[in-house]
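Construct the complete structure from the given sequences, taking the supplied hints into account.
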Amino acid sequence: MKNTTAMADYELRHIEALRKDLAGCTVLLKKDGSFPLEKPCTLAAYGSGVRRTIRGGTGSGEVNSRYIVTIEEGLQQAGFTLTGMEWLTGYEQAREKAHKAFLKQLKKDAKAAKQNFILYGMGKVMPEPEYDLPLNAEGDAAIYVVSRISGEGNDRTPLKGDIRLTDSEVRDILALDKKFTRFMLVLNVGGVVDLSPVMSVRNILLLSQLGVETGGALADILLGKANPSGKLTTTWAAFEEYPEMPDFEDMNETRYREGIYVGYRYFDTFRKKALFPFGYGLSYTEFRLGTAGVEANGAQVTVRTTVENTGTMAGRQVVQVYLSKPAGKLDAPRQELCAFAKTRTLAPGEAETVTCSFTLPEMAAYDAETASYILEAGDHLVRVGVSSAETVPAAVLHLGKTVTTLQAKNVLGSTDFTDLTAPAAAMERPEGVPVIEIDPASIVCETIDYARTEEILPEVDALTKEDAALLLIGDFDPNAKGLASMIGTAGRHVCGAAGESCSTVKGIPWLIMADGPAGLRLAKEYYEDGKGKHAVGNASMPDSIMEMLSGPMKLVMSLMGGNGKPKAGCEIKTQYCTAIPIGTALAQSFDTDFVQRCGGIVGEEMEHFGVHLWLAPALNIHRSIRCGRNFEYYSEDPLVSGKMAAAMTRGVQAHKGCGTTIKHYAANNKEYNRTRNNSMVSERAMREIYLKGFGICVRESQPKAVMTSYNLLNGTHTAESRELVMDILRAEFGYQGIVMTDWVTPMTGDARSVHRDSQAQYVAAAGGDLFMPGSKGDYDNLLQGIDSGAVTLEQVKINASRVVKMARALTQE
Numbered sequence: 001m002k003n004t005t006a007m008a009d010y011e012l013r014h015i016e017a018l019r020k021d022l023a024g025c026t027v028l029l030k031k032d033g034s035f036p037l038e039k040p041c042t043l044a045a046y047g048s049g050v051r052r053t054i055r056g057g058t059g060s061g062e063v064n065s066r067y068i069v070t071i072e073e074g075l076q077q078a079g080f081t082l083t084g085m086e087w088l089t090g091y092e093q094a095r096e097k098a099h100k101a102f103l104k105q106l107k108k109d110a111k112a113a114k115q116n117f118i119l120y121g122m123g124k125v126m127p128e129p130e131y132d133l134p135l136n137a138e139g140d141a142a143i144y145v146v147s148r149i150s151g152e153g154n155d156r157t158p159l160k161g162d163i164r165l166t167d168s169e170v171r172d173i174l175a176l177d178k179k180f181t182r183f184m185l186v187l188n189v190g191g192v193v194d195l196s197p198v199m200s201v202r203n204i205l206l207l208s209q210l211g212v213e214t215g216g217a218l219a220d221i222l223l224g225k226a227n228p229s230g231k232l233t234t235t236w237a238a239f240e241e242y243p244e245m246p247d248f249e250d251m252n253e254t255r256y257r258e259g260i261y262v263g264y265r266y267f268d269t270f271r272k273k274a275l276f277p278f279g280y281g282l283s284y285t286e287f288r289l290g291t292a293g294v295e296a297n298g299a300q301v302t303v304r305t306t307v308e309n310t311g312t313m314a315g316r317q318v319v320q321v322y323l324s325k326p327a328g329k330l331d332a333p334r335q336e337l338c339a340f341a342k343t344r345t346l347a348p349g350e351a352e353t354v355t356c357s358f359t360l361p362e363m364a365a366y367d368a369e370t371a372s373y374i375l376e377a378g379d380h381l382v383r384v385g386v387s388s389a390e391t392v393p394a395a396v397l398h399l400g401k402t403v404t405t406l407q408a409k410n411v412l413g414s415t416d417f418t419d420l421t422a423p424a425a426a427m428e429r430p431e432g433v434p435v436i437e438i439d440p441a442s443i444v445c446e447t448i449d450y451a452r453t454e455e456i457l458p459e460v461d462a463l464t465k466e467d468a469a470l471l472l473i474g475d476f477d478p479n480a481k482g483l484a485s486m487i488g489t490a491g492r493h494v495c496g497a498a499g500e501s502c503s504t505v506k507g508i509p510w511l512i513m514a515d516g517p518a519g520l521r522l523a524k525e526y527y528e529d530g531k532g533k534h535a536v537g538n539a540s541m542p543d544s545i546m547e548m549l550s551g552p553m554k555l556v557m558s559l560m561g562g563n564g565k566p567k568a569g570c571e572i573k574t575q576y577c578t579a580i581p582i583g584t585a586l587a588q589s590f591d592t593d594f595v596q597r598c599g600g601i602v603g604e605e606m607e608h609f610g611v612h613l614w615l616a617p618a619l620n621i622h623r624s625i626r627c628g629r630n631f632e633y634y635s636e637d638p639l640v641s642g643k644m645a646a647a648m649t650r651g652v653q654a655h656k657g658c659g660t661t662i663k664h665y666a667a668n669n670k671e672y673n674r675t676r677n678n679s680m681v682s683e684r685a686m687r688e689i690y691l692k693g694f695g696i697c698v699r700e701s702q703p704k705a706v707m708t709s710y711n712l713l714n715g716t717h718t719a720e721s722r723e724l725v726m727d728i729l730r731a732e733f734g735y736q737g738i739v740m741t742d743w744v745t746p747m748t749g750d751a752r753s754v755h756r757d758s759q760a761q762y763v764a765a766a767g768g769d770l771f772m773p774g775s776k777g778d779y780d781n782l783l784q785g786i787d788s789g790a791v792t793l794e795q796v797k798i799n800a801s802r803v804v805k806m807a808r809a810l811t812q813e
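All the letters of the sequence shown, read from the start, carry residue numbers 1 to 813 under the UniProt record's numbering.
Read the hints as simulated data drawn from the structure, not as lab findings.
Note that the coordinates shown come from a computational prediction; the quantities given were computed from them, not determined experimentally.
One or more hints might be untrue.
Here are the simulated PhoX-like pairs of lysine-lysine, each with C-alpha atoms no more than 25 Å apart in a straight line [to be verified]:
no. : residue 1 : residue 2
1   : Lys481    : Lys111
2   : Lys401    : Lys481
3   : Lys573    : Lys656
4   : Lys533    : Lys178
5   : Lys20     : Lys225
6   : Lys39     : Lys179
7   : Lys30     : Lys178
8   : Lys567    : Lys531
9   : Lys160    : Lys107
10  : Lys160    : Lys100
11  : Lys114    : Lys776
12  : Lys178    : Lys160
13  : Lys179    : Lys31
14  : Lys329    : Lys401
15  : Lys107    : Lys481
16  : Lys565    : Lys524
17  : Lys565    : Lys531
18  : Lys97     : Lys160
19  : Lys506    : Lys776
20  : Lys97     : Lys107
21  : Lys111    : Lys30
This is how it looks when you write it as structure tokens:
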């Protein structure tokens, strides 16, 4: 519900800045010309998302904004007269009954798993219930809003009410499409839903989850005040069409058998049927792409094409450039995205020449046999289009011999399987397409110096073992135990912040960190007294967790979080933050300028509230549509992921004392038992798919922090992998910031797992700088490691020096 009481200037500016660009994040999947509507009218509104509009996912992705405009509210504010209110009330009653049964079963399951109920419940989402309600509302037009939510801690299921539509949804959607001349199916979802039963529907809009103004954005689109211009960053298909992942639910091992064939690389190469392909998206208007011109200057390739708006409404188009590489020693996908660009808003009849560029070494494949990135001899076909399914040849880049672009080393371990490979297929040179000879000598082989000289600051070198170790552990309460020691100090200086680095070593500043990949998550309200700052209500736990707890348990969690009820006369201060679109929606814009502006919104609010590190953005790959955290992540494609994360980082870090924390490094592509699950991935797939986006982001924006992932990689925890942290991240990518662990690693794993949690002493030995959020147990573990020789005191002080340098840089001390 909208609450605009005494809104701050920054809130008004940020919401206004977002609203005008939100349609660019939405994807028009189907159209018949009956939309947009000429004016507000009587609208029959059905579906769970009308009243229960979802702005973003659960867990660390939740944001405490002042309000959210639901679809019901947004349409009413735009002047629509809504019918179907009885249906919405009936649905609420059916949902409430189902939710009570869901929570009861959840508590039983947590007990059986011998796991803390709060942590076990994270990310658990009730499937949409079946219902039987009459569709008797009338109107000039109708919508049905499908909503789905997922979140941190658990994965989605291929069941009805989650990835699949319920029988009730299918029945009503088809009936409404038949009944109303003007009907729109609206998808208020954060991830893929199998739409195969309703593909006959004439108008489908992927609204996604757009933050605070989600409902207002839909009203703008229905009325034609804004034109959808987003493109899919993940392939949408029937569930059965995706690569088989038989051990996705395995507690201990997850085998990435598909290798490099993720998303459209799989669908395009193996000729699988997609309902809506990667890069796809329609508009209320129409566009025509002219013949693309391709130039090569050494290894630099530039593609120019003219885009003309041939329709009757202003709009934007995305030009996508793909490269088809020759299959020689290594197999290759049919095509891979190598560049993209979005036009400005073009009026009817207006045209713009769009320029895209890339370098050939950026598209090199990894040869594990020689531990090198190579471009193989032969024809490299440049393709241009508006989706992965609609590309046409633009030029042939002919390379006379195979060249090595970077000499690396294999460091990521081995798997017990062979990656999926594509069948050998000769690439035919298309007729009438220009052929450009690439001089192999123009491609210089890069070599990596893996030997590093690390600095120890004099003031850190003078510290005792105990104080040096403290700097590697997040601030904790030494008098509390377990979860309480972590949660209790989370918002010591900024209420509702996720945590802080050590604040008890004299003369060393500390870093304040806040969660929320779709904006900052801080306590909405707080007060101050002689003992410090205190949140009003609960600030330590996301709403999705708190709603699962009983009244007494909510009180306990509130007290553990340092939250309380203000005394009479205390001034209540506010910390309302702006909920921006989820990561997937931002990426669907294919607009790095807009994403950078969103980063600027977050950065300004960080600066305003005194937060140094934002624990975002997250750029893991959409490997499977079942991953519960995909809504936070950008795409199935590493180029899109890396470019978006870099844009977000530039926006945040343009603000004084503010930095991003890109995450989760790496292969964090499922949530079930995530702290003790072993991702088994080939060196080639890791480097070409799962690490590539991180490399792009680091090279283009130098984020202040990197967060490792919970999982193991080929038997070693990523946080404990010196090869990942030092060899690849620092030596190969040139990273200069700090590295922290993901949070609350102890106590979150399933006790039945064969793998252990990561430990502070081994993280430090690997070159990890911060073990977060920190506890007395983590601190003791690190001291034990120093005493046993598992980690040297020298390494501890090297890591601590990086923390101190970053703290001084961001706090300006």
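Checklist entry - Are Lys97 and Lys160 close enough, with their CA atoms no more than 25 Å apart? => result 18 Å, holds
Checklist entry - Lys97 and Lys107: Cα distance at most 25 Å? => result 16 Å, holds
Checklist entry - If you draw a straight line from the CA of Lys39 to the CA of Lys179, is it 25 Å or shorter? => result Given that 25 Å is the threshold and the Cα spacing comes to 21 Å, the pair holds.
Next on the checklist: Need the status of pair Lys481, Lys111: alpha-carbon distance at most 25 Å?
Outcome noted: Roughly 21 Å separates the two Cα atoms, so the pair holds.
Item to check | Satisfaction of hint between Lys776 and Lys114, Cα-Cα up to 25 Å | outcome: 23 Å, holds
Checklist entry - CA of Lys567 to CA of Lys531, is that 25 Å or under? => result 13 Å, holds
Next on the checklist: Holds or violated: Lys178 and Lys160, Cα atoms, limit 25 Å.
Outcome noted: With Cα atoms ~23 Å apart, Lys178 and Lys160 stay inside 25 Å; holds.
Checklist entry - CA of Lys565 to CA of Lys524, is that 25 Å or under? => result Holds, at about 14 Å.
Item to check | Straight-line alpha-carbon gap Lys573 to Lys656, limit 25 Å | outcome: Distance ~23 Å between Lys573 and Lys656 Cα, so the pair holds.
Item to check | 25 Å Cα cutoff - pair Lys111, Lys30 | outcome: 46 Å, violated
Next on the checklist: Need the status of pair Lys20, Lys225: alpha-carbon distance at most 25 Å?
Outcome noted: With Cα atoms ~9 Å apart, Lys20 and Lys225 stay inside 25 Å; holds.
Item to check | Lys30 paired with Lys178 [C-alpha distance capped at 25 Å] | outcome: Satisfied, since the Cα-Cα distance of roughly 16 Å is no more than 25 Å.
Hints 2, 4, 21 from the list above are not met by this structure, while the remaining hints are.
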